[in-house]
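Novice: Chains G and D, in that order, are what the protein sequence lines are. Counted the way the working numbering counts, the first sequence spans residues 1 to 302. Counted the way the working numbering counts, the second sequence spans residues 303 to 454.
Each statement offered as a hint is correct.
The calculated DSS-like cross-link candidates involving lysine-lysine, where the alpha carbons are at most 25 Å apart (straight line), are:
1. D:K354 to D:K397
2. G:K193 to D:K438
3. G:K116 to D:K426
To be clear about the criterion: a stretch of chain D counts as covered by chain G if any three or more of its residues have a C-beta under 8 Å from a C-beta of chain G, and this derived list gives those stretches:
4. 421-434
5. 438-446
Quick caveat, the hints were computed from the structure, so don't treat them as lab data. For clarity, every value in this text was computed on a predicted model and none was experimentally measured. Every residue gets a Cβ at the ideal spot worked out from N, C-alpha and C, and that includes glycine.
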Amino acid sequence: MKKRSLVSIDDFSTEEILKILDLTAEFEKEPTQKLLEGKVIATLFFEPSTRTRLSFESAINRLGGKIIGFSDASNSSVSKGETLNDTIRTVSNYCDLIVMRHPIEGSARFASEISKVPIINAGDGANQHPSQTLLDLYSIKKTQGTLENLNIFMVGDLKYGRTVHSLMMAMSRWKATFNFISPEELKMPDEFKLYLDNLGLKYYEHNDFTDIVSRADIIYMTRVQKERFSDPIEYEKVKNIYVLRDSMLKNTKDNMRILHPLPRVNEIHQDVDENPKAYYFEQALNGVYTRQSILCYLLGIK
Amino acid sequence: MKEPKQLSVSAIQNGTVIDHVPAKNLFKVIQILGLDKIDTQITFGTNLESKKLGKKAIIKISGVYFEDEDINRIALVAPDAKLNIIRDYEVVEKKVVVVPDSITGIAKCMNPKCITNFEHVTTKFRVVSKKNVVLKCHYCEKMTTQENLHII
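Okay, chain D solo, but in the shape it has when bound:
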């Protein structure tokens, strides 16, 4: 019997495809990139089979191209994400995400005594380790490690 050959998420003509997003972090990626606030067509699939990630998600955003600086903001929740830049149904460029040197407003400081957990202060961190992500809080100067990382 022949396997039905079809895409789980239909192709787009122009825009960006974000692949290899861990399924559990799909909505965090949507939130970080503000995809809930843009008005072009977006399709996504989640809980798709992936040899590398187990369950992955894929997002296809029509008519939108991201600056590296913006797309790297998802590195904390989707470190293995691959980007395909699509023009006229063709992949014209492939990109990977890179953990940036500093992170503003995405992660929560794990120190319960930090000012960012008491008042309306946007969190800010310096990335002191990129492999196993370690963030140093700009305010309380304490470290937040990967296993304690919470996305706001």
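Bound-form chain G, shown alone:
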């Protein structure tokens, strides 16, 4: 069998993405299946990311696989100065698949070229994090019943947020309309708007929440981080504009759901959590099923 890795969401065709989403639905019905019995999966986290690592490890455990790896480069051979090249070539002898997170961009693509076993990119710096995109797609499809022709609102840091960039590019396969709500300093970069222009897709930009959210099918919230602002006063001015509160959801559509890649700080007020339109914790649960299906697909088990 040809070795297949998942480094960037574009590595998968639309058919493959839909197949992953179908598999994910199967795992949601039956999460505990001993499909990875006898398999060893390495989780190499060269930078800490507790949430992503636990989600992958939960997925592996529910499938009966064994895990080796590290959660922080400081207690691995990397701290002795080993190159990524050597780490990957060595560890790929010990396991059937590698899940890796690394702060350097392009590290996962490089690893996929030198590894004997498939690589799943669990984040390479600001570049790609495809399992997040797939779980977002699953959450959208599950709550809306379709991926076609949806109105997607993206809120917060649209400049540096790799999650929103990947999701936007992925959703453009299904003719979405986009509304971008962000402070001036954190607007969606031109290269992505150009991408939508070339596909003939519609998008609208706003500086704050308006009545237009009543048209949303999905509101995708992200964190506005203080350190992204060159001028701290600018941050102080905008920090409360991008906080979603329960009272703002009154006129929204019944099918509308709020997503967030988590961790949340204060951009979604806790009074939203009990609203049936809040979906971010279920979204995190969907992450486990999605990772189960990615693992099984790449290993040729499903």
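Put chain D on the given structure of chain G with help from the hints.
Specialist: Structure of chain D alone, referenced to chain G:
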């Protein structure tokens, strides 16, 4: 007074002449084509007058003919280069360089956080724009534009 009629760089009997190389990129062209490693006769002139380029360089390589694929590798540093294929002192064919669809191992990725700037990884790019060259890194997926282009 009659102007002395002579060639700045003497003619070759058989081989390839690469003309209209920007003078400042002469040594990059030599490096990209590996001319420092071949053992036939090579002559070049640089800082020659050129209406189009200001200062140009010309390289004459005896006994060597290049595949298009190889010669197109210089397109990033000498986009206006003209090639004359010489057989028995006659120009038998003229060629221009064409920016290829992908570039391996010539340019540096401008993203300081790219893996190619940390480990021994040969750079690889897809050419997304040929007119004003824009390269997309195969690894970090970031764009490198003409003005930020550095040749390794």
